[in-house]
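J.: Using the sequences and the hints given, assemble the complete structure.
Sequence order for the protein chains is U and Y. Residues in the first sequence are numbered consecutively from 1, following my numbering. Residues in the second sequence are numbered consecutively from 1001, following my numbering.
Derived by calculation from the structure, the hints in this document are not laboratory data. Incorrect hints may have been included.
[Claimed, not checked] So the derived label-pair ranges between C-beta atoms look like this:
| # | chain 1 | residue 1 | chain 2 | residue 2 | range |
| --- | --- | --- | --- | --- | --- |
| 1 | U | Val-212 | Y | Ala-1155 | 28 to 38 Å |
| 2 | Y | Ala-1107 | U | Arg-263 | 47 to 57 Å |
| 3 | U | Ala-114 | Y | Glu-1133 | 30 to 40 Å |
| 4 | U | Arg-281 | Y | Arg-1156 | 58 to 68 Å |
| 5 | U | Val-45 | Y | Ala-1105 | 57 to 67 Å |
| 6 | Y | Ala-1155 | U | Arg-234 | 47 to 57 Å |
| 7 | U | Val-45 | Y | Arg-1070 | 51 to 61 Å |
| 8 | U | Gly-137 | Y | Arg-1156 | 18 to 28 Å |
| 9 | Y | Asp-1101 | U | Asp-229 | 22 to 32 Å |
| 10 | U | Lys-218 | Y | Ala-1105 | 18 to 28 Å |
| 11 | Y | Ala-1155 | U | Ala-114 | 20 to 30 Å |
| 12 | U | Gln-27 | Y | Ala-1105 | 35 to 45 Å |
| 13 | Y | Ala-1128 | U | Ala-352 | 37 to 47 Å |
[To be verified] Derived pair list, reagent style DSBU-like, types lysine-lysine, alpha-carbon separation capped at 35 Å:
| # | chain 1 | residue 1 | chain 2 | residue 2 |
| --- | --- | --- | --- | --- |
| 14 | Y | Lys-1081 | U | Lys-50 |
| 15 | U | Lys-298 | Y | Lys-1081 |
| 16 | U | Lys-223 | Y | Lys-1081 |
| 17 | U | Lys-189 | U | Lys-298 |
Computed from a predicted model, the values in this text were never measured in an experiment. The C-beta atom is built at its ideal place from N, Cα and C for all residues, glycine as well.
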Amino acid sequence: MSRLALDPARVAAEMAQFTGRMALAMQQLATMDVRPEGCSARAEVHREDKTVLWRYARTAPDAGLPPLVICYALVNRPYMLDLQPDRSLIRGLLARGLDVYLVDWGYPDRDDSALSLDDYVNRYLGACIDHVRREHGIPSVNLLGVCQGGTMAICHAALHPERVRNLVTMVTPVDFHTDDNLLSKWAQKLDVDGIVDALGNVPGELLNAAFVALMPLKLTVRKYAGLADIAHDRGALENFLRMERWIHDSPDQAGTAFRQFVRDFFQENRLVRGGLEIGGRAVDPRRINCPILNVFAKQDHLVPPSASRPLGGIVASSDYTPFEFDGGHIGIYVSRSAQELLPRTIAQWLQAH
Amino acid sequence: MGAPFDVPPFMAAWLEAQQALARLAGTVLAANPAESAAPQPFAEPYRLLFALPGFPAAGTGAAMPEASLRRYQLAAEQVGKLLNEAAADAGRRLGAALAADGPDAPAITSLQQLQTLWIDCGEAAWSAAAHREEFAEAQAELLAAWVALRAAGQAR
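T.: Dropping the structure here:
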């Protein structure tokens, strides 16, 4: 017996309603402008080449903590952390009295194809951290790395442990060879030398296409068909458009750094297996002995929890706190439940350290 | 004021979503799963969506070295074969889900319910296929062949 109890007349009516709602949604979207990058007041305090260090304006009494430097991924843009007033990890941190800095890598172009992980992890991130240390007259900062930026933050902390007082990682890949990591399975087979030799920089569109291909029906048909449900809700449509804009705002990847990251992390898993070198220096996570808060997302399809959890086992830190968030890779920043929970968890943890 | 990125690709995605829904409705209404022993018709709406991201044109065929073109064709053929298998698997899963009964299989009375099931079955089939080593190898070879084709075209 079939479960199907579709009435053709009802299906026709549903299709007509769906079409009408989609048309309305498209009309509304065409009148919207969600261009500003982020919503919180900030000032540029340091720049080197295309890398900019932003400092956010305080919105609450000083909590008395060392400044927090956020290191975002090279993939996608960091304004995901400050997408709109009611969806902003940065606002949540500011509201708890933190002094927040953000490292913004910009948009690499052809002139940047030779930039390496040494440039990003040591030179640019190092210069940003040094700026903050100098400005505040402190030996070390609190460092928060996001996704790939978390991996880079781990590397920085391993190479320069004296600069990092506390390390927070969010949805950060550590072990790249776990069974449920589909992106890694694909990346392990890539001829990354051939790609970078031919293209120079790796187009952001190519990475985006790979991300969508991880769940092609949910991330295309389901997402776009869902517009019909919010056609009459201008606020929800603006949220949708902001998210779409962020998803499609994908910087190209500097070829040399991309090659190194794919080979050393995705293909050879050197952070876990050992043998990782950046700038000619061994990156040994056992040199990290500062307190660590490792935040990962239970339903993360890009960086599964199994890829993040091993961090505690590869560092020397005795003060290691894993925190599992009940959500996905993007929901950890923009879901309603994250808005209160994540900033509170991070701020309280920092306060205790 | 205006949309911050090109509207046409966005519209195309939406149109794809809408057309997929219409195709799904047409297919399912035309094929009665209760009477269908081999629900192959259900694979068709998946075939049109299970496609690797389109790579930008690498150049005109006439300007391309034959070996590079051949490599690309073979790679595309292999990926296409795997995608077709995934679509067939998705169709089988959908057919089985539609034919199921019992408390865990409530009646489907709306297109939206059908679409949800269709997507869940499709994602399950895709995930099973995409995690296979053979898939990763075929996909990597397609990308490598495209890159080589592009490089050969530029060298000319």
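J.: Give a verdict on every hint.
T.: Hints, one by one, checked against the model:
no.	hint	in the structure
1	U:Val-212 x Y:Ala-1155: 28 to 38 Å	holds, 31 Å
2	Y:Ala-1107 x U:Arg-263: 47 to 57 Å	holds, 52 Å
3	U:Ala-114 x Y:Glu-1133: 30 to 40 Å	holds, 33 Å
4	U:Arg-281 x Y:Arg-1156: 58 to 68 Å	violated, 42 Å
5	U:Val-45 x Y:Ala-1105: 57 to 67 Å	holds, 59 Å
6	Y:Ala-1155 x U:Arg-234: 47 to 57 Å	holds, 52 Å
7	U:Val-45 x Y:Arg-1070: 51 to 61 Å	holds, 55 Å
8	U:Gly-137 x Y:Arg-1156: 18 to 28 Å	violated, 60 Å
9	Y:Asp-1101 x U:Asp-229: 22 to 32 Å	holds, 29 Å
10	U:Lys-218 x Y:Ala-1105: 18 to 28 Å	holds, 21 Å
11	Y:Ala-1155 x U:Ala-114: 20 to 30 Å	holds, 21 Å
12	U:Gln-27 x Y:Ala-1105: 35 to 45 Å	holds, 38 Å
13	Y:Ala-1128 x U:Ala-352: 37 to 47 Å	holds, 44 Å
14	Y:Lys-1081 x U:Lys-50	violated, 43 Å
15	U:Lys-298 x Y:Lys-1081	holds, 33 Å
16	U:Lys-223 x Y:Lys-1081	holds, 27 Å
17	U:Lys-189 x U:Lys-298	holds, 26 Å
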